[in-house]
Amino acid sequence: MNIIAKRSASWVGGCVWYLERRALQESPRRFLHLLRNVNQQWVTFQHFNFLRHMYVTQLNRSFNQQIKPKPEPVPSPFLEKASLDEAKTEIYKMRPLSPASLSLSRKPNEKESIELEPTPVIEGSIAVGTETKEEKQWKEMKLRVDDLPGILARLSKIKLTALVVSTTSAGFALAPAPFDWPCFLLTFVGTGLASCAANSINQFFEVPFDSNMNRTKNRPLVRGQISPLLAVSFAACCAVPGVALLTWGVNPLTGALGLFNIFLYTCCYTPLKRISIANTWVGAVVGAIPPLMGWTAATGSLDAGAFLLGGILYSWQFPHFNALSWGLREDYSRGGYCMMSVTHPDLCRRVALRHCLALVAMSAAAPALDVTTWTFPVIALPINLYISYLGFRFYRDADRKSSRKLFFCSLWHLPLFLLLMLTCKRPAAQGDAGGPQS
Amino acid sequence: MAVSRFCPPRKSCHDWIGPPDKHSNLQPVHFYIPENESPLEQKLRELRQETQERNQQFWANQNLTFLKEKEEFIDSRLKAKGLELRAESGQKATLNAEEMADFYKEFLSKNFRKHMYCNRDWYKRNLAITFFMGKVALERIWNKLRLKQKKTSN
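Protein sequence lines correspond, in order, to chains A and B.
When we follow my numbering, the leftmost residue of the first sequence carries the number 2, and every step to the right adds one.
When we follow my numbering, the leftmost residue of the second sequence carries the number 232, and every step to the right adds one.
Please keep in mind that the hints were generated in silico from the structure rather than gathered at the bench.
Don't take each hint at face value.
[As the list claims (entries may be wrong)] Using 27 Å as the maximum straight-line C-alpha spacing, the simulated DSS-like pairs for lysine-lysine come out as follows:
| hint | chain 1 | residue 1 | chain 2 | residue 2 |
| --- | --- | --- | --- | --- |
| 1 | B | K274 | B | K242 |
| 2 | A | K140 | A | K402 |
| 3 | A | K218 | B | K375 |
| 4 | A | K426 | A | K158 |
| 5 | A | K140 | B | K274 |
| 6 | A | K158 | B | K274 |
| 7 | B | K242 | B | K366 |
| 8 | B | K242 | A | K137 |
[Unchecked claim] Counterexamples of contact, computed for chain A against chain B with all Cβ distances above 10 Å:
| hint | residue |
| --- | --- |
| 9 | P150 |
| 10 | S170 |
| 11 | G225 |
| 12 | L230 |
| 13 | P253 |
| 14 | C339 |
| 15 | A369 |
| 16 | T376 |
| 17 | L412 |
| 18 | P416 |
| 19 | L420 |
C-beta atoms are modelled at their ideal positions from N, C-alpha and C, and glycine is treated no differently.
Given these sequences and hints, build the entire structure.
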């Protein structure tokens, strides 16, 4: 009895081993040929499952955010590949079988030995048919050196960094000091590095929240393209040289402002976004500091002109952000972000309008503070009036159309405004102290 | 949480990340377990696994609740207006963004406390995971150096 059982067991084990070896050694085509007889009956069933899966996916897209399923051009190549994938999974499923796990009596062994081959394949086919499409979307979390620059660019929000650095450059250029190229380049690089660091930490903190918003779901940490450890290391590798460059290459005041801004953005603004609407005001200060840094880099001190420039950037944040946030209310509500547009919509629009008008007032203050000539408020009036008009429309209409108009206007208004300021810069008087201090 | 039936290829010794879950929008990670996993590595892996499961549960629940309550809000508003829930074309009637604003505000304030708790938990875990990742990285470097030293001395 025991000998028969052992022989049956070893025969079954041998079958399994044989199939495994064939699968691994032979080419996929020959193996498919092996399974074809079984598969043919399941071809139509898999096709149905595939279509059903596609339909459900399409339906869910309107409710949930999902990676858009790639359309399969022809069903048959897909099914062939599905068969191959099935074959692979069958091998994994069959592997754990060992002769010891089989029962010792004869009859059940015979039954098992007959059912052993088809059963796993059949059950596997049904289960695997629908999931191979999902399986293809799984990616190995292996960092490729070629991808690293792109990943780090997205991690550091390179476009936003570019905007921040250009406002710093505007501050540097508008300061009443002769333009010093080495100092400018050091400020440029230092501020850029500080901004990269701050943006990386911000993304590091917000992974699960970013996953749930359309705007941010493709960020590197969300998609697992980089590990959190690497993200933090990168941030440190940007922050340390960036702040050091500003402190010792430019001046300590600029370095201190840079460090303070990193702290404000990562440790105040980022967590505050989920606690209180005050985050918008803190965020506006974060946006106002870079031009301040540009000014202090050129002159070494914070004076009225610096604060005016900071004030301009501060006020600009409100029509820009409040208009943007108007269209994201659903995402903010679902994701748990405390934004004025959701909790205090009237305040949101009122503040946006208020700051559009503040921009007009500050253009008039520019010549009074010797930053620009009196030509500036005059030539800036048309664009200032236009943004104020759009701010008023947003305040009154409170709809998506007016919010979008205001947002897009803010995108071109700022660079044009700064450019006009530069062209109307008050020429330096004789005996002006200004100059880069180290 | 639906357990993924994904099985990574045998030769891979990395983690694998899947497509976003349709309820939570989070991308699940299948963690690789090396043969010679140290206690520290195991602790890290278990922490990451646990954090992933908690996040999955929270966000799946959050999103589903949102959708459900949104539907209920739309239905009740449409009924109050005396409008049909479906237009003649069979399309579901919706409210515009301004009408939905009340719902968004209410939903946000209702879930505020839950988010506070979740935020605190997430920040703690995220920092712990990153810290342990650093420790594991150092441990691996140290082991490699020790191995090299042994080889050169032999």
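So, going through the hints one by one against the coordinates:
A C-alpha spacing of about 24 Å is found between K274(B) and K242(B), which places the hinted pair at or below 27 Å, so the restraint holds. Taken as a hint, the K140(A) and K402(A) pair is broken in the structure, with Cα atoms around 40 Å apart against an allowance of 27 Å. At most 27 Å may separate the alpha-carbon atoms for a hinted pair to count; K218(A) and K375(B) exceed this at roughly 37 Å. Pair hint K426(A) plus K158(A) does not hold up; C-alpha atoms about 31 Å apart against a cutoff of 27 Å.
Distance check on the hinted pair: K140(A) and K274(B) sit about 24 Å apart at the alpha-carbon level, within 27 Å; holds. For the given pair, K158(A) sits about 32 Å from K274(B) by alpha-carbon distance, which is inconsistent with the 27 Å threshold. Straight-line distance between C-alpha atoms of K242(B) and K366(B) comes to about 26 Å, which keeps the hinted pair within the 27 Å bound. As the CA atoms of K242(B) and K137(A) are separated by approximately 17 Å, the hinted pair is consistent with the 27 Å bound.
Remark: the non-interface label on P150(A) is consistent with the geometry, its nearest Cβ contact in chain B lying 21 Å away (cut-off 10 Å). Distance to chain B confirms S170(A) as a non-interface residue, since its nearest Cβ pair spans about 34 Å, more than 10 Å. Annotated as non-interface, G225(A) brings its C-beta within 10 Å of a C-beta of chain B; the closest such distance is 4 Å. At roughly 4 Å from the closest C-beta of chain B, the C-beta of L230(A) falls inside 10 Å, breaking its exclusion from the interface.
Listed as a non-interface residue, P253(A) keeps its Cβ farther than 10 Å from every Cβ of chain B; the least gap is roughly 30 Å. Against chain B, the non-interface label of C339(A) is violated: not every CB pair exceeds 10 Å, the least being about 7 Å. The non-interface label for A369(A) is consistent with chain B: the shortest C-beta to C-beta separation is roughly 41 Å, beyond 10 Å. Every Cβ of chain B is farther than 10 Å from the Cβ of T376(A); the closest lies at roughly 42 Å, confirming the non-interface assignment.
Annotated as non-interface, L412(A) keeps its C-beta farther than 10 Å from every C-beta of chain B; the closest such distance is 22 Å. Against chain B, the non-interface label of P416(A) holds: every CB pair exceeds 10 Å, the least being about 30 Å. Every CB of chain B is more than 10 Å from the CB of L420(A) (nearest about 35 Å), matching its label as outside the interface.
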